[in-house]
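Asker: Sequence:
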Amino acid sequence: MSSVNTRQESTVVKYDFRSIEKRWQERWRADDLFRTPEDRSRPKFYGLDFFPYPSGDGLSVGHCRNYVPSDVFCRYRRMRGDNVLHPMGWDAFGLPAENEAIRRKSHPKKTVPQYVANYKRQMNLLGLSYDWSREINSSEPEYYRWTQWFFLLLYRRGLAYRSAAPANWCPSCATVLANEEVHDGACWRCGTDIEKKDLPQWFFRITEYADRLLEDLKLVDWPESIKLMQTNWIGRSVGVEFDMPIKGHDASMRVFTTRVDTVFGVSFAVLAPEHPLVAQITTADRRAEVEEYVRKSRRISEIDRMSTERERDGCFTGAYAINPVNGQEVPIYVADYVLLSYGTGAIMAVPAHDTRDFDFARRYGLPAPVVIAPDGWDGQPLKEAHTGEGTMVNSGQFSGMRNTEGAEAIADWMQEQGIGERRVNYRLRDWLISRQRYWGAPIPIVHCPVCGEVPVPEEQLPVLLPDVENYEPPGDGRSPLATIPEFVNTSCPACGGPAQRETDTMGGFACSSWYFLRFADPHNDRAPFDRDKVEYWLPVDLYVGGAEHAVMHLLYARFWTKVMYDAGLVPFVEPFTRLKNQGMLLAPDPKNPGVLVKMSKSKFNVVTPDEMAEKYGADALRVYELFVAPFEDTVPWSEDGINGCWRFLNRVYRVVAERPGSFVPDWRSTVRQETVSNEAKALARKTHQTIMKVTRDIEDFAFNTAVAALMELTNQIYDFVNAKDGLHYPCPVWSEAVETLILLLAPMAPHLADELWQMIGREGYTYSAPWPEADPEVAKADVLTIVVQVNGKVRDKISVDAGTSEAELERLALESPRVQGALQGRPARKVIVVPGRLVNVVG
RNA sequence: GGGCGGAUGGCGAAACGGCAAACGCAGCAGACUUAAAAUCUGCCGGGGCAACCCUUGUGGGUUCGACUCCCACUCCGCCCACCA
2 MSSVNTRQES
12 TVVKYDFRSI
22 EKRWQERWRA
32 DDLFRTPEDR
42 SRPKFYGLDF
52 FPYPSGDGLS
62 VGHCRNYVPS
72 DVFCRYRRMR
82 GDNVLHPMGW
92 DAFGLPAENE
102 AIRRKSHPKK
112 TVPQYVANYK
122 RQMNLLGLSY
132 DWSREINSSE
142 PEYYRWTQWF
152 FLLLYRRGLA
162 YRSAAPANWC
172 PSCATVLANE
182 EVHDGACWRC
192 GTDIEKKDLP
202 QWFFRITEYA
212 DRLLEDLKLV
222 DWPESIKLMQ
232 TNWIGRSVGV
242 EFDMPIKGHD
252 ASMRVFTTRV
262 DTVFGVSFAV
272 LAPEHPLVAQ
282 ITTADRRAEV
292 EEYVRKSRRI
302 SEIDRMSTER
312 ERDGCFTGAY
322 AINPVNGQEV
332 PIYVADYVLL
342 SYGTGAIMAV
352 PAHDTRDFDF
362 ARRYGLPAPV
372 VIAPDGWDGQ
382 PLKEAHTGEG
392 TMVNSGQFSG
402 MRNTEGAEAI
412 ADWMQEQGIG
422 ERRVNYRLRD
432 WLISRQRYWG
442 APIPIVHCPV
452 CGEVPVPEEQ
462 LPVLLPDVEN
472 YEPPGDGRSP
482 LATIPEFVNT
492 SCPACGGPAQ
502 RETDTMGGFA
512 CSSWYFLRFA
522 DPHNDRAPFD
532 RDKVEYWLPV
542 DLYVGGAEHA
552 VMHLLYARFW
562 TKVMYDAGLV
572 PFVEPFTRLK
582 NQGMLLAPDP
592 KNPGVLVKMS
602 KSKFNVVTPD
612 EMAEKYGADA
622 LRVYELFVAP
632 FEDTVPWSED
642 GINGCWRFLN
652 RVYRVVAERP
662 GSFVPDWRST
672 VRQETVSNEA
682 KALARKTHQT
692 IMKVTRDIED
702 FAFNTAVAAL
712 MELTNQIYDF
722 VNAKDGLHYP
732 CPVWSEAVET
742 LILLLAPMAP
752 HLADELWQMI
762 GREGYTYSAP
772 WPEADPEVAK
782 ADVLTIVVQV
792 NGKVRDKISV
802 DAGTSEAELE
812 RLALESPRVQ
822 GALQGRPARK
832 VIVVPGRLVN
842 VVG
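Using my numbering, the first residue of the first sequence is number 2, and each one after it goes up by one.
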């Protein structure tokens, strides 16, 4: 009977998410609900998303995979009583924004504000709880003034310098790039192959911090894979550096090796093609060939040069080097498998014990004397390089030692003899920061013919980016700013004479290396931030974004933070305490049917949050983003899935909305007395178990199982309602379950939660309501199902009261007819009892 | 070439070393509908009439007990890659 009524009501009670979501978003905004509290009596929580570069394509549902979970976490912490800082801003300076404006034949000054407005609209549509009063934009003078200020800080501390070196040049973007921005020999933005170009460039001396950047990874709670990528990128290696005198010259070539144990096996030496010694030592008869080789290796693209498929080639210089440990003369080659930028740009080559040297030696018929005998070596020449351990042979007084000890002994001996010294090398290079592009913060330096390089005084900041119509790069290695005389010509801050401004701008990664600090004090016009505010809010407690920034932004930001620490500006050495990387969202590739690729505008497979919010609602989209898979997992998008989440929210809505007047506001005072019925007891138990489960899961970023737990609770509320409807309303246990469900759901589906919150007669917003507390006693089951196994196979299940003794459990298990049957008359040799869980009879 | 992940129903997935497949999607059957949608109920890894047997990429090991731990292999994904 009552079910018929319910069904009729259900056609009337409609989950009208469109009006619900619109209404609550308006109220939140009118009440300025998400403004960060200034009260310092409560613990703070700083939850931050990687700030995005606003693209004209807008957000896709793929982008929501980090914004939604971090929003859930922040809302949850707010309900736990923390002061939450959850800001958003725009990484608006830099190549991506500029390239996009060029492509659309517009100007970044016009496009950026449009795109920002669209992103903001979409974020609000999703109900993200950002405090917009702290919004920042890295392309505005109020912001980049301080980026320039930090440049000067680095400059004053000797950490910013100008130097001419072969740099990574992207011919398409017409600018140089940092090493971190070159992926597989190509530009990370446009994919064009990188060329080497000699230009005077500005660098940040990040190498000076290599050891600390490596060491302090111990202090942060980050995914191991990201820490490892940074470790590899920094690439610390310990070895020995020594000079090899060059026969017939006053000069010597300095080499670095991590395998000093093989030093007696050197049969040739190699210089990088760009090495300055090449021109000096090449003999007359070899000159033409060597010059041709050097030219050729300079022409070859980075991508080809790095390929390991390519056969290693080189060219003999005609000169010989002397191995200082045994006086042996070895030929010196030029080869592009040796890089000028690493170590000393020159190596000793030991073909028997290095695969690259082995290949090279074979090609040019060079000897490969064995000095580390593999275990069980037959004395014959090796068929491939032996790079593992072994016993040292043909190594003077070190012969007979294990190579691992020999390495130490030789290093000691070389130091004593003054031949060489221990040395640590890093693969990390200094960070190339200048860009020959318009859309960035101008580097605040003036070049004066009298005083030289002069920093712009702080009080003259910002050095404003000139407002011009044509900003496209000239492509000749100069910045577009160099073509604007009004910008270039200035007076020297030191002597007042005529001088010229630096015309390069800073790469976008300078802006993003400190923005997280600015959110603590976003409108300060006297300093980048107030130290007191930064001390309260920082470091960032939770940082959420993609793994693609592992060795770019995340490394640079750590470096700047350490510089600030050294300068006494901040009291911490690591900016981001806990880091989480979301998984990608895949979608079908329209060009390859059946193939899934990353969802992106360039693949023409984007689904927007706008269309999903229109069709299913922002709450359903939020819940689906959480439910679809574990947070870190890459997963395909499916519209069927979001429909399921919509149905779930619909059920939540109806179970409350269809029972007006059933809610007992004061359920707390009576709820524990009603637990006489088994259904009521079961529902109360489930309610408290769900509080525990959802709380733990959110803390662990296991949002998918948190949603599943809420679905289970909802299902059980329906079971309860179906068993009891028409009997006992108003009902305290139902009220407890419903209020708890609303609150646990609030961080995930905040609009619906607030609607239901109001419907049950509660005041205010779920955002500021306290998080439910679990009563472990209520959550505890009083009857347990114990699994009974025989030899590890499930044979029976028995129901017992919680607290049944182990002896009793053993007795009950042995009594079971099915256990007896499985034993087939054999005696139980051993019985394992896991209290509250299982009994395993071994027989 | 090196490193790091991963592999469980038709699909996304769940499972402190202790009932494999929770939760959801898709599917099937039914109820309500003139009908459809929505909603509700039931079924939903494989085999077998059944009791029962089999099933977490492959092969081994540890354990009373292994999706889980260890070793080897296969496949997939991501990252790095001539770094001396």
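For the record, the hints were derived by calculation from the structure and aren't laboratory data.
Be aware that a few hints might be false.
[As the list claims (entries may be wrong)] Simulated crosslink set (DSSO-like; lysine-lysine; CA at most 30 angstroms straight-line):
#1 Lys219 - Lys534
#2 Lys106 - Lys23
#3 Lys106 - Lys534
#4 Lys794 - Lys781
#5 Lys219 - Lys197
#6 Lys15 - Lys45
#7 Lys592 - Lys602
#8 Lys831 - Lys794
From a predicted model like this one, the values you see are computed outputs, not experimental measurements.
Asker: It remains to establish, for every hint, whether it holds in the given structure.
Answerer: Results for each hint:
1. Taking the CA atoms of Lys219 and Lys534, the gap is about 26 angstroms. The hint holds against a cut of 30 angstroms.
2. At roughly 35 angstroms between alpha-carbon atoms, Lys106 and Lys23 are farther apart than 30 angstroms, so this suggested pair is violated.
3. Among the hinted pairs, Lys106 with Lys534 is inconsistent with the structure: their alpha-carbon atoms are about 42 angstroms apart, more than 30 angstroms.
4. Simply put, Lys794 and Lys781 have alpha-carbon atoms about 27 angstroms apart, close enough for the 30 angstroms limit, and the pair holds.
5. For a cut-off of 30 angstroms, the pair hint linking Lys219 to Lys197 is broken: about 36 angstroms separates their Cα positions.
6. With a CA separation close to 39 angstroms, the supplied pair Lys15 and Lys45 exceeds the 30 angstroms bound.
7. For the hint pairing Lys592 with Lys602, the CA-to-CA distance comes to about 13 angstroms; that is within 30 angstroms, so the pair holds.
8. Distance hint between Lys831 and Lys794 is fulfilled; the C-alpha atoms sit about 15 angstroms from each other, no more than 30 angstroms.
This entry does not satisfy hints 2, 3, 5 and 6, going by the numbered hints stated previously.
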